[in-house]
Amino acid sequence: MTAQGPIQADIEVGGGTWRFPASRPLRLDSGAQLAPLEIGYKTYGALNADRTNAVLVCHALSGDQHLASTHPITGKPGWWDRFVGPGKPLDPERHFIICTNVVGGCMGTTGPASIDARTGQPYGLSFPVITIADMVRAQAMLIEAMGIETLFAVIGGSMGGMQALQWAADYPEKIFSVVCIAAAARHSAQNIAFHEVGRQAIMADPNWCGGAYLAAGVRPEKGLAVARMAAHITYLSEAALQRKFGRELQRDGLSWGFDADFQVESYLRHQGTSFVDRFDANSYLYITRALDYFDLAAGYGGVLAQAFVRARDVKFCVLSFSSDWLYPTSESRDIVRALNGAGCRTSFAEIETDKGHDAFFLDEPLLDATLQGFLGAQAQARGLS
Amino acid sequence: MREDFAEILKLVRPSARVLDIGCEDGELLELLTREKQVDGQGLEISPEGVAHCVARGLSVVQGDGDRDLDHFPSRGFDYAILSKTLQQMRDPKHVLSELLRIAEQAVVSVPNFGHWKVRWALLSRGRMPETGVLPEPWYSTPNIHLCTLRDFVGLCDTLGLRIDACASLSGGKPARPIDPRAPIENWRAETALFLLSRRAEPSTGAAPPQNLFGEVELPRPEAPPARKPRRR
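If you read the protein sequences in the order shown, they are chains S and A.
Using the working numbering, the final residue of the first sequence is 386, and nothing's skipped along the way.
Using the working numbering, the final residue of the second sequence is 630, and nothing's skipped along the way.
Everything labelled a hint here was simulated from the structure, so no lab data went into it.
Please read all numbers here as calculations on a predicted model, not as lab measurements.
Certain hints may be false.
[Unchecked claim] Which residues of chain A face chain S? A partial, calculated answer using Cβ under 10 Å:
#1 PRO445
#2 VAL452
#3 LEU456
#4 SER457
#5 VAL459
#6 GLY474
#7 PRO535
#8 SER538
#9 GLY570
[What the hints assert, rightly or not] Among the chain S residues that face chain A by a calculated CB cut under 8 Å, a handful are:
#10 ALA47
#11 CYS318
#12 ARG338
[Said to hold, decoys possible] A few chain A residues that don't get close to chain S, going by computed Cβ distances all over 12 Å:
#13 GLN435
#14 VAL448
#15 ARG454
#16 GLN486
#17 GLY530
#18 VAL531
#19 ILE542
#20 LEU544
#21 ILE561
#22 GLY569
#23 GLU588
#24 ARG597
We put the beta carbon where it would ideally sit given N, CA and C, even for glycine.
The whole structure should be built from the sequences, with the hints applied where relevant.
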């Protein structure tokens, strides 16, 4: 047990909702425009006088901007609390850390649950399909609005790592370094397949109401919970599940029915039901779609290295986990191969762990050490004190 | 400083692009970056080694020299360095040709199994030699593909590689430039350091200076004759 007070006590925490005027729409890859755009965000620490210490942390599918502060709905600590704080890899005493809710999300950034100004009703399925590049374009608008010319680092795991790679492809001149953890440069057939299971579960829930559940005053909680349960299995390794639960029972003896006899069932049910409290089902549809559409090389004639050619001055750190079967090490190696092919300065390590994809939130000393080392050395190169 | 590092430091042109295979904790790459302002990249098998390198500000990819050299593009580097580990590779021939796909020149050092101490140990005791350079017993040695100086020169010929320079290294003594084809050197060189390039397509950069290990003064890295550093 570590005696650690809430992070707000020690450091400057900012954030809220950034509202862009309707005259500044977000132009989407689909050709549609989103206006007015609102971005929910959090900041930790202070921007230095040279405006050189800003770090953008990109969240994963089910994450949000509450990186290192208590979540307003769940009351739990921030999702990457263990990485942010004095003396940690992301140090609010040295870095100005920004985390934004992605476009299509449901924690303050414009998404399918937001009110469409044209109709006065929630967007629902009239919300345009978005992409990872759209998420990044919105982040770039916010960064620019904040008066930050260059980010010291863009960091993300999983979908956040994809956003970091997209930053390198789209705005290489605006970033100094990139950290991409447990991600991929495109979604595989298996990745798409799992997401399709989740989406079908949501859409099969009668309370989904063709996407118009908010107007109907209901929520497709069952469907969203099942989607989360299926996805959650992909975040854990078989070894981790076995170690954590094995065949342990909830109570003495079997129920000879369909209650949650096994602890693993109970755990998954809990994951599902707690998720619906803080996540919008349509957001889940849109964000998983954005992930499925993600194929960074597609815009470059299928040659991933071409995506990074303009990022030769950016320093990259790519990390993977040995037991991650959602975005396995081979995906990270493809990224590294492309970065090397483009002549980018690249570091890569595969962290040995049996914790699966979720290792990125968990205690992995080598992950901490590598990240701390990389950011420390880059800070020196950047001239940050 | 390791004697092979000192020699490699002399060989490498300032501001060159260097790939160090098996860079461990990045000591050589850091040295080359500091002294020769090279644009360095490393390949290292252990994630702990990578973490060390990354903390030194070096760019290092975790990987196995046997398997992961395909990470690097053709002609992406001026030099590929493989220090004292070729004999530990599963397929040294492939690795050697990969080095010269990736880089214009390769810097490779190998222990010479033809050294007199090795020959004497085998002849007198009839057991696998254990020497200062090859200290492990046969059952635990990582050196699975040992060769003599003559063997190595033969492989270079087979692969059509040109030997631009060769020096003999032995513990603590300054490096000695040698002709690796001279029979006597196959007896007396304990470890040999080679500078290799493709024979068919000679390196397009500045021609390697002759007599690399001789007494001739090498151009000082701080003030290369062609391009003087400018102050802003």
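Now for the hints, and whether the structure bears them out:
Taken as an interface hint, PRO445 of chain A checks out: its beta carbon lies about 4 Å from the nearest beta carbon of chain S, inside 10 Å. Interface restraint check: VAL452 of chain A against chain S, minimum CB-CB distance 5 Å, threshold 10 Å, status holds. The restraint placing LEU456 of chain A at the interface with chain S holds, with a minimum CB-CB distance near 8 Å, inside the 10 Å limit. Checking SER457 of chain A against chain S by beta carbon gives a least distance of about 4 Å; that is within 10 Å, so the hint holds.
Proximity of VAL459 of chain A to chain S holds as hinted, the smallest CB-CB distance being about 4 Å (cut-off 10 Å). Taking 10 Å as the C-beta contact cut-off toward chain S, the hint placing GLY474 of chain A at the interface holds, the least distance being around 7 Å. Annotation: PRO535 of chain A was flagged as interfacial toward chain S, and the flag is violated, the nearest CB pair being 28 Å apart, outside 10 Å. Residue-level restraint check for SER538 of chain A is violated (minimum Cβ-Cβ distance to chain S is 23 Å; threshold 10 Å).
Annotation: interface hint on GLY570 of chain A violated; nearest CB of chain S at approximately 33 Å, more than 10 Å. Taken as an interface hint, ALA47 of chain S does not check out: its beta carbon lies about 25 Å from the nearest beta carbon of chain A, beyond 8 Å. Look at CYS318 of chain S: its Cβ gets to within about 7 Å of chain A, closer than 8 Å, so that hint holds up. The beta carbon of ARG338 of chain S comes within 5 Å of a beta carbon in chain A, closer than 8 Å, and the hint placing it at the interface holds.
Chain S leaves GLN435 of chain A outside its interface by the beta-carbon criterion, the shortest separation being 14 Å against a cut-off of 12 Å. In this structure VAL448 of chain A is not separated from chain S by more than 12 Å, as the shortest Cβ-Cβ distance comes to only about 4 Å. Not every CB of chain S is more than 12 Å from the CB of ARG454 of chain A (nearest about 6 Å), against its label as outside the interface. Every beta carbon of chain S lies more than 12 Å from that of GLN486 of chain A, the smallest distance being close to 20 Å; the non-interface claim holds.
With 12 Å as the threshold on Cβ separation, the claim that GLY530 of chain A sits away from chain S holds: the shortest Cβ distance comes to roughly 33 Å. VAL531 of chain A, annotated as away from the interface, keeps every beta carbon of chain S farther than 12 Å; the closest lies near 31 Å. Listed as a non-interface residue, ILE542 of chain A keeps its Cβ farther than 12 Å from every Cβ of chain S; the least gap is roughly 24 Å. Non-interface call for LEU544 of chain A relative to chain S: holds, since the shortest CB-CB distance, roughly 30 Å, exceeds 12 Å.
The claim that ILE561 of chain A lies off the interface holds: its Cβ sits roughly 28 Å from the closest Cβ of chain S, which is beyond the 12 Å cut-off. The Cβ of GLY569 of chain A sits about 33 Å from the closest Cβ of chain S, beyond the 12 Å cut-off, so the non-interface label holds. Annotated as non-interface, GLU588 of chain A keeps its C-beta farther than 12 Å from every C-beta of chain S; the closest such distance is 34 Å. Once the 12 Å rule is applied to beta carbons, ARG597 of chain A is consistent with being away from chain S; the minimum gap is 26 Å.
Checked against the numbered hints above, the structure breaks hints 7, 8, 9, 10, 14, 15 and satisfies the rest.
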